[in-house]
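**Q** Residue numbers (our numbering), protein chains in the order written: chain A, 3 to 366; chain B, -14 to 379; chain C, 8 to 267.
Source of the hints: derived by calculation from the structure; they are not laboratory data. By construction, the Cβ of each residue, glycine as well, lies at the ideal position given by its N, Cα and C atoms. Possibly wrong hints are sitting among the right ones.
[Stated by the list, open to error] List time: in silico EDC-like cross-link candidates among lysine to aspartate or glutamate, alpha-carbon distance up to 20 Å:
no.: 1; chain 1: B; residue 1: K303; chain 2: B; residue 2: D15
no.: 2; chain 1: A; residue 1: K147; chain 2: B; residue 2: E103
no.: 3; chain 1: C; residue 1: K46; chain 2: B; residue 2: E149
no.: 4; chain 1: B; residue 1: K174; chain 2: C; residue 2: E175
no.: 5; chain 1: A; residue 1: K147; chain 2: B; residue 2: E226
no.: 6; chain 1: B; residue 1: K187; chain 2: C; residue 2: D165
no.: 7; chain 1: B; residue 1: K251; chain 2: B; residue 2: E103
[Claimed, not checked] Here's a subset of chain B near chain A, in silico, CB distances under 10 Å, partners left out:
no.: 8; residue: N298
no.: 9; residue: V299
no.: 10; residue: L301
no.: 11; residue: P302
no.: 12; residue: I304
no.: 13; residue: K306
no.: 14; residue: D362
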Amino acid sequence: MEPGLLDFPSLGLSIAVKLLIMVGFFLTAPLVAGYMEHKVLAHQQDRLGPMEAGIGPIKHGVGQLVADGAKFIQKEDIVPTAADKWVFSLAPGVALVPALVVMLVLPLGPGLFGENLGAGVFFALAVSSVSVLGVLMAAWSSANKYSLMGGIRAAAQLIAYELPLVLGAAAVVLQAGTLSLVSIVEAQADFRIFGLLPMWFVLPHAIGFLLFFVASLAELNRPPFDMPIADSEIIFGHMTEYTGIKYAFFMLAEYAGMVVLSAIATVLFLGGWYVLPGVTVPELINWVVAFFGAGPFEFHPVVAGLLGVGVTMGKIFTLVFVMVWFRATFPRLREDQLQRMSWLILIPLGLLNIVVIAIAKVLA
Amino acid sequence: MTETLPERDAGVLPGGPGEGLLVEVRDGGDIVTQEMNLNIGPQHPATHGVLRVVIDLDGERISRATPVIGYMHRGFEKLAEARDYRQIIALVNRHDWLSAFNNELGVAMAVETMMEMEVPDRAQWIRVIMCEWGRILNHLMFVGSFGLELGAITPLFFAFREREDIQHLMETATGGRLHFTYNRIGGVKEDLPAGFLQASAKLIKVIRRGTQQYRDLLFGNEIFMARTKGVGVLPPQIALEYGVSGPTLHATGIGEDSRVTQPYAKYGELDVPVPVGGNGDSFDRFAMLLDRIDASTYIIDQALDRIPPGPCNVKLPKIVKAPEGAVYTRTEAPLGQLGYYLVSDGKKNPWRLKMRTPSFYNISMMPYLLEGALLSDMIAILGSVFFVVGDVDR
Amino acid sequence: MPTLPKLPRPPQIGLLKGLGVTLKTMMSPSTTQQYPHVKPDLPPRTRGVIALMEENCTVCMLCGRECPDWCIYIDSHKEVVPPKEEGARARTRNVLDRFAIDFALCMYCGICVEVCPFDALFWSPEFEYSTYSIRELTHEKEQLRVWMDTVPPPPELDVGADLPKEIEDGLKAARQAAEKAAAAAAPSEAPAAAGKAGGDAPAAQAAEEDIHVEAQVDQEVFDQLVAEGKSERVARAKAKAAYVRKEKARIRAERAGGEG
């Protein structure tokens, strides 16, 4: 594997820089996703959302989540008497950490990634589904019937939805011929439909993308698949007994999960940091200036990387927006309907998709 | 089945910390899992208020459901015996806080009938208009909350947007946003302010645009249909036996509506459409709400053209006393048949005021609907059998 | 039991339509008000808080007695007013010591305002008086007097409404005065003048009330409305209303003609 921009000759330095960037990303991206949820949801519901908390003169509620966090820290940390205390306290962490770990392998820009693992897709999907374990731990240890119901639902959902998620991703892996996330992005740059039109995988893999997106909604417990935390049925399921900072961890885990799964989808289907199929931002800029007769510019790799990060972020938050949009619009399915949909429609569809892709790949 | 299982520590849950899930394999290979007893309410978001439903759950399926009521019993009927009629009007708009005006009207009509009072035409027309606005207010609330319970949060905000407009309109006339206290024995408190009728006509258009939005948002939504169609089917016969009324009854296909069958106020002179469903399921019950909102705007539209000039109330004696006797008035409140049985011994307060509130009867058939339903269906059923807990408990 | 045919259901449109609704809403401006920055526009009849015009209060205690939840506290003492003229009897009058309303108990029914025979109590739309302690919700007469300044004038009534009693009384008094003056000036012209001054409006109104028209469908209007594309039901109602209006106008004109 070729080294990325963050790989310095000194191992210690590269680890420190990578951790710093990953933690920084981890702490800010979910906040942006949360803020998006606040504002987008509000405006779609004909209201304004948070308008007061802000940083300095910038209001419009940009500081709302920070203020919420400060409030959560002050809250009393209640552990129910009948709860299994250790498991109860560990669960929020178990739910949160996987999102952080997955960020390590996500390529955000050209050369900007923590680690270019050879089995990146496998690692990302495997680790991200660990967070469900935190949900199960929380549900079981709360000693609350509603939480238990939520846990059982979450477990059922995990089994039903991990498969379409993996099937959707597997087709892409088949097409790209690699498990490395970075290489998948690069493969999309070279990909041509019928050997002519450059296109991201989202078009040939429309079914796979649909499967992946729907399954990630289910995995994140996002509407319309939020049965495990259905507030009007089982009162937030596993989160019923949580208060204060532990509850905040779960919320953070949800937003982080949204960002991470959107990022994986971006990398797998939407061409990562390529602003147009097969075109990076520097190339696009050079095209435009060439149109006006100016000479091509040289971009420093770091600048090019950061521009790529911008594009990736734009795609990630577009997907996050769609998730929020779904939440504003759709009612919740029932657990049995979800299972039926998964096993009878999505999984056969996923298998069929793989077969079709494989045949197309062999023929091409 | 539960009796055969060993006694459990109250703090320990089946499947929770300290105990595994008890599974019994019977002869013949039947696997019997332990039933879980679950309290839905009194503090639960889906019971809108303090209704408590004790359910036995087998997995997600409800094997038995018992509604427990009375958490909000405020002794309205007894309290009414110690209050004079004007105070009772202020009192009754609080038992079903979502249809305050319709409740007031029932009491006012009961006393008027007892006193054989002629209510001026204008007052009657004002009452019709206000009643229908009240009905829309009520139905909008349920349209919103039903969506919310199914996980669609947006209809609630849209419904409240329209509710806000209606409440503002009614506030200009009555001074209240929820508890209007606008009826008086023999009429209404004071006449409509200038511009009320024009504003009503304008608002009708806004409401119709709103209902179109709910239809687009929820009604045609496949997920919504999957959640509600065929869920909580109430056969007409059962509905009649339990005394169910209002939109819940209309959804079963029976269009019994006292605005048509026993017209009061000026409903007899109006074309009152009564939308009916056919399947009696949650979907139909929800459809009734939207159709009834449309019907109400249509009724208001008619009434606005026909409201005559004149006095809006009659001059009352200092102390209103209903003559000795008894009377039963029934009106069509938004949630169903609302009856007041007023017994007077000629004093200034009633000897007895019995309330026949629609919510109580609607909730009484809950065990029938809930048995065998899934836990998620229960929420769809609770949300679509329209009730207000204050109206159940009084 | 009467049943009506099913109202038309909208065509089933699906998930995308819903997404369209939320997206469209997002693009249009929101309807919410930013409350502390934007004050709500409350109508004059709003029952926000009860204000007391202390000068008008005679301590008749009617409000306190009629209050359904007894949240009005009144203390008073009697004061002897010296006679105005020599030899007349000294009078006693009630002096208000305390008038307090416990707004934690008050159910905002407005009965006290309604029963007050001396116009001492009024509704004000003022609503920003929440406190951190329930005890602070008992407001004494000084505060109630302060709220008196926020009481708006009553709204104008609908055109069809009877005049408010106060205005009616005033008009009657004016009419009587005019009548008297006219009678004094020219006895022979008096009936005519009285008829002009006071007779017209009430007579017209009385006539309005007397006219009763059996509602029928005005076929012409009905056809026209149907042609315009209105549903038959709406058209029928509107046609009925048009008929009633026309008929009333006709009868009124006839009567006016008859009287003339």
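**Q** Take the hints in turn and mark each one as holding or not.
**A** Here is how each hint holds up against the structure:
{"no.": "1", "hint": "K303/B to D15/B", "verdict": "violated (75 Å)"}
{"no.": "2", "hint": "K147/A to E103/B", "verdict": "violated (59 Å)"}
{"no.": "3", "hint": "K46/C to E149/B", "verdict": "holds (15 Å)"}
{"no.": "4", "hint": "K174/B to E175/C", "verdict": "holds (17 Å)"}
{"no.": "5", "hint": "K147/A to E226/B", "verdict": "violated (35 Å)"}
{"no.": "6", "hint": "K187/B to D165/C", "verdict": "holds (16 Å)"}
{"no.": "7", "hint": "K251/B to E103/B", "verdict": "holds (13 Å)"}
{"no.": "8", "hint": "N298", "verdict": "violated (39 Å)"}
{"no.": "9", "hint": "V299", "verdict": "violated (44 Å)"}
{"no.": "10", "hint": "L301", "verdict": "violated (44 Å)"}
{"no.": "11", "hint": "P302", "verdict": "violated (49 Å)"}
{"no.": "12", "hint": "I304", "verdict": "violated (49 Å)"}
{"no.": "13", "hint": "K306", "verdict": "violated (48 Å)"}
{"no.": "14", "hint": "D362", "verdict": "holds (7 Å)"}
Hint compliance for this structure: hints 1, 2, 5, 8, 9, 10, 11, 12, 13 are not met, and every other hint is.
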